[in-house]
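**Q** Below are the chains, spelled out letter by letter.
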Amino acid sequence: MIREFSSADVMFIVLAVRWTLILSAIAFAGGAVGGLLVALARTSASRALRRASAGFIQVFQGTPLLMQLFLVYFGLAVIGLPIDPLLAAAVALTLHASAYLGEIWRGSIEAVPPGQTEAATALALSYPHRMRHVVLPQAARIATAPTVGFLVQLIKGTSLASIIGFTELTRAGQIVNNATFKPFLVFGTVAALYFILCWPLSLMARRLEARMRLAVTR
Amino acid sequence: MSEDAVIMRAVNKYYGGFHALVDIDLTVRRGERIVICGPSGSGKSTLIRTINQLEAIQGGTIVVDGVELTAGGDNVARVRQDVGMVFQNFNLFPHMTVLENCVLSPMKTRKVPRAEAEATARHYLDRVRIPEQADKYPAQLSGGQQQRVAIARALCMKPRIMLFDEPTSALDPEMVKEVLDTMIDLAREGMTMLCVTHEMDFARAVADRVIFMDKGVIVEEGAPDAFFGNPKNERLRNFLGQIA
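Chains as they are written, first to last, in our numbering: chain A, 1 to 218; chain B, 219 to 462.
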């Protein structure tokens, strides 16, 4: 039975935005923790840590996010956990975000002049103090714009979770379209909602980048 | 506690295949002021950077204030607390005010309470004659002022030894004097100092001993009068001729 595309359908789609946001927030928060660890490992003095983190980044940047989602989704069952689309999507997107943020933040840490680390070292500051008070605050300024840019990618990336059956924005669109068969209208609405989420962030990233450029040339 | 501030024995340092320091033997007495000069790439900066282990060494031993650096444990961390360093490019922390730059390590490393650390910082900023700049950011200061802040920041750790790595090389000529005057004050107060510099007037004024390095080797050393008045080594004569 094909029915009309009604206001109830629009509400259903709009309400699904919260799952896109929740998934994005989980992945970004998890990715921030993982990314920081990866970035610190990539820039550490230990060759083993550098190698391991480089391998991690290469695996997750070199394979499609969709495959990562599948592997985690079906992998959960293999290690005896219940198959839960939200859990699988959150884990896969967190690993994905850890790899990308780790690489972005590695570059930002390396962009802080080495003299800063040397001066902090000469002042007898320990590695955690050097990082926390000297290197990371300066790296954070460099990293802000590309990090916001990646957040936009991540929000759009959550749409892939629809394929393992997690009802976020894209999946909500598919469900409504199956009932109404108004694909242009339905997916147009879905796309517009993604745009409303992402566009302000893109603007912000561009503005931060401009401000950063000013700070560097000053 | 030993009489000597720094003892280096048969120290060797390589950068890949490049032999940067060759069998360096050097003893620095407590309170001694040493100036190290030499052409670029001669190993003079590398030499002083091994004393606080900014550069690791591949052979020999270094003992700083009775603590052997290469013996492991937390010896390197202990030595760094006792050795202050001033860099060519100042290396102030740009995201912190002058005062924050000065109190950071005393508070984090020596666990000094903030009030006491700030009092110490203001004392040393006063000594380097820029007490009014405490709440500014490094970028708001001239090069000479930044370098004096860097000296004050190092002194806030109450070091027994100060290392200077070409402290005036990045400065405009009119700012060199204010930094050298600060260093001369420090020398008069009995600080043990190792200075890599090409400021030969400074060497004549304060150095107990001048060392000339070339190709990673200490070629000649002596009191300033003999060193400048009667240089024995040909390379040193050439070098002095070039910088005079």
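If you're looking for bench data, these hints aren't it; they were derived computationally from the structure. Backbone N, C-alpha and C fix where the C-beta goes; we use that ideal spot for every residue, glycine too. There may be inaccurate statements among the hints.
[What the hints assert, rightly or not] Chain A stretches covered by chain B per the calculated footprint, using a threshold of three residues with CB under 8 Å from any CB of chain B:
(1) 117-124
(2) 127-141
[To be verified] One-sided excerpt, in silico: chain B residues whose CB lies under 8 Å from chain A:
(3) ARG298
(4) SER323
(5) THR338
**Q** Output the numbers, in ascending order, of every earlier hint that fails for this structure.
**A** 5
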